Amino acid sequence: MTGRSTIDSTISPAGNSSAVDVRGVSRIFAARRGPGVTALDDVSLVVAPGEFVSLIGPSGCGKSTLLRLIADLDTPTAGSVEVFGKPARQARIDQDYGIAFQQAGLLPWRTVAGNIELPLELHGVGKAARRARAAELIELVGLADFAGHYPDQLSGGMQQRVAIARSLAESPSLLLMDEPFGALDEMTRERMQNELVRICAETEAAVVFVTHSIPEAVFLSNRVVVMSPRPGRIRSVVTVGLGDRSRRGEDLREDEGFFQALSQVRDLLRGDEAASTPQGAQGVETR
Amino acid sequence: MTPLSPPLPERFGLPARWRGAVFGVLGVVVLALLWELYTVLGPEDGVVIGTLTVLPRTSDLAMPHLATMFARIFEPVTGAASARPLWQAVAAGSLFTLGIASVGWLVGVIVGLALALLLQRFRLAESAILPWIILSQTVPLIAIAPLVRRWGAQLQFGEFTWESWMSVALIASYLAFFPVSIGALRGLGSPDANHVDLMHCYAVGWWKTLWRLRLPASVGYLLPALRLAAVSAVVGSVVAEVSIGLRGGIGRLIVEYAGSAGGDPGKPWAPIFGSILVGLVAAGFVGLIGLFLRRFRRGEVSI
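One line per chain: the protein sequences are A and B, in this order. My numbering numbers the first residue of the first sequence as 1384 and each following residue consecutively. My numbering numbers the first residue of the second sequence as 27 and each following residue consecutively.
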């Protein structure tokens, strides 16, 4: 099974109706001596509007690099990245996506509301509209009592919720998330996953989600992209048929299909597709 | 999951902010006690090892009692009937010097900030200019003071004529700009890669990033630099007054009164206390600025 065959079926004929269209992308980091490090090698991926796609793989498989290329925080050595039919750079300038990192990255001198308003303020949204939007988002992420708090007064999970609210501020149709729950404890993490599913159902945004965690990827995604390192390539794509987002809840974690997809992804990560005895994959959290 | 607001650590039953003040006062008291104790217990001719005097003589002329120093402040400057009290003369000199130092500080801060912005904006400028900034501080003040004065004297456009106090302010700014430029450069470069990436994602330019991210982030670095600059400006003013020979300031008084130490041991100490006071006022002023910028000094958060 190759990654390409699974992906190609989702490429739409029009070409510009996809949220993300990555074609034959390579990224080689130049080294002072020698040939350099190939972080990504001929990767192609299409994300449909409203689709939740997770990128998973061991450290060094280039999943974060791929996300940074989509966000135009980095440029590919070869290939093209299009977001909503536009080059990634144009999409960034047009603010077509919202982004959240592993570190919440809140500005410590701004309150919760101030942090959420930041992108709106930078793009010249009026004060009243900003206030209203921030209040709405604070409600959405369940921090209504903390609007006037500063980040150092919040727990890690709360800070991350503020960061997610901030990424949603301009109602983007695409969310890019780089291990946003990576630094959280397991219980907070599962609660945040449930909230993210709910938020995505409400906003109908497409999501590209980088993670280390197999259950997280399977629980959240429509498709899980399994990547392999050195050089970074897409090994395979697992379609998780767990149904509509709005019906995803806590009980999904007990579902038979959930466990099937879980072991499928796990086997793929071990690089042994025929294996029937699921065990922990190296370099990846199996929790 | 609970909001964290750690209580101020308390020791000796004192809140943290008062503890600093108490220890500060205690330090001064200990210094005064040491001084008085030595004048009483120390040998009359000082401690001499071989021909080298390690500790001064304890005569009232060499080490006047603190009481003598303070009493002298309230006596007239000279024996003349028209002489005003010493404290008035010192206060007037202190204000004069404080004024010049303020101008020097302001110019130094502006130049320092401008340099830091230039260095932050252009990588090439950093490698080209930074070594010169550091090198500038190795030139002794005494060497540049006459130069500044001579160049200044040649300046004249229309109504404007260069005055001696401007030379003093310029020299003060020469000392003051250095900590500001270095502190601001570090502060402007202090935001996480994370934050810089975020600004890039928001597609905002250098100026907006500066205003919304780099400047607020630099406050924590800038305030100590501003305080250092304030103290440097005061020291620079006092030294430059002496080098240039400007009358009216505290530097001049220190030199003038030092001459009367032989017969009037308390007198030279008055302008020294005056200059200390000027330094404290300058540092206190920066502390006041810090109060207004408290919001930007919240600890960097990470999860």
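Worth double-checking, as some hints may not be accurate.
[Unchecked claim] For each label pair, taking beta carbons as the anchor points, the in silico distance ranges come out as:
no.	chain 1	residue 1	chain 2	residue 2	range
1	B	Arg323	A	Ala1413	37 to 43 Å
2	A	Ser1554	B	Lys234	35 to 41 Å
3	A	Gln1473	B	Val307	43 to 49 Å
4	B	Arg45	A	Glu1578	42 to 48 Å
5	A	His1506	B	Arg212	42 to 48 Å
6	A	His1506	B	Leu57	23 to 29 Å
7	A	Gln1473	B	Asp218	51 to 57 Å
8	B	Leu156	A	Ala1413	24 to 30 Å
9	B	Trp61	A	Asp1568	43 to 49 Å
10	A	Arg1613	B	Val165	53 to 59 Å
[What the hints assert, rightly or not] Derived DSBU-like pairs (lysine-lysine); straight-line CA-CA distance at most 35 Å:
no.	chain 1	residue 1	chain 2	residue 2
11	A	Lys1510	B	Lys234
12	A	Lys1469	B	Lys234
13	A	Lys1469	A	Lys1510
For the record, the hints were derived by calculation from the structure and aren't laboratory data. As the structure is a computational prediction, the values presented were derived from the model and not from experiment. Idealized CB from N, CA, C, for every residue including glycine.
Structure-based check of all given hints:
Checked against the hint of 37 to 43 Å, the pair Arg323(B) and Ala1413(A) passes, with Cβ atoms roughly 40 Å apart. Under the hint 35 to 41 Å, the C-beta atoms of Ser1554(A) and Lys234(B), about 21 Å apart, miss the expected range. For Gln1473(A) and Val307(B), the hinted distance range of 43 to 49 Å is not satisfied, since their beta carbons lie about 56 Å from each other. For Arg45(B) and Glu1578(A), the Cβ-Cβ distance of about 44 Å falls inside the hinted range of 42 to 48 Å, so the restraint holds.
Between His1506(A) and Arg212(B), the C-beta spacing of about 30 Å breaks the proposed range 42 to 48 Å. For the hinted restraint 23 to 29 Å between His1506(A) and Leu57(B), the CB-CB distance of approximately 58 Å leaves it violated. For the hinted restraint 51 to 57 Å between Gln1473(A) and Asp218(B), the CB-CB distance of approximately 27 Å leaves it violated. Between Leu156(B) and Ala1413(A) the Cβ separation comes to about 27 Å, which falls inside the hinted range of 24 to 30 Å.
Our hint of 43 to 49 Å for Trp61(B) and Asp1568(A) is violated, since their Cβ atoms are close to 59 Å apart. Between Arg1613(A) and Val165(B), the C-beta spacing of about 55 Å keeps the proposed range 53 to 59 Å intact. At most 35 Å may separate the alpha-carbon atoms for a hinted pair to count; Lys1510(A) and Lys234(B) meet this at roughly 18 Å. The straight-line distance between the Cα atoms of Lys1469(A) and Lys234(B) is roughly 25 Å, inside the 35 Å bound, and the hint therefore holds.
Only pairs whose Cα atoms come within 35 Å are accepted, and Lys1469(A) paired with Lys1510(A) is accepted, the gap being roughly 30 Å.
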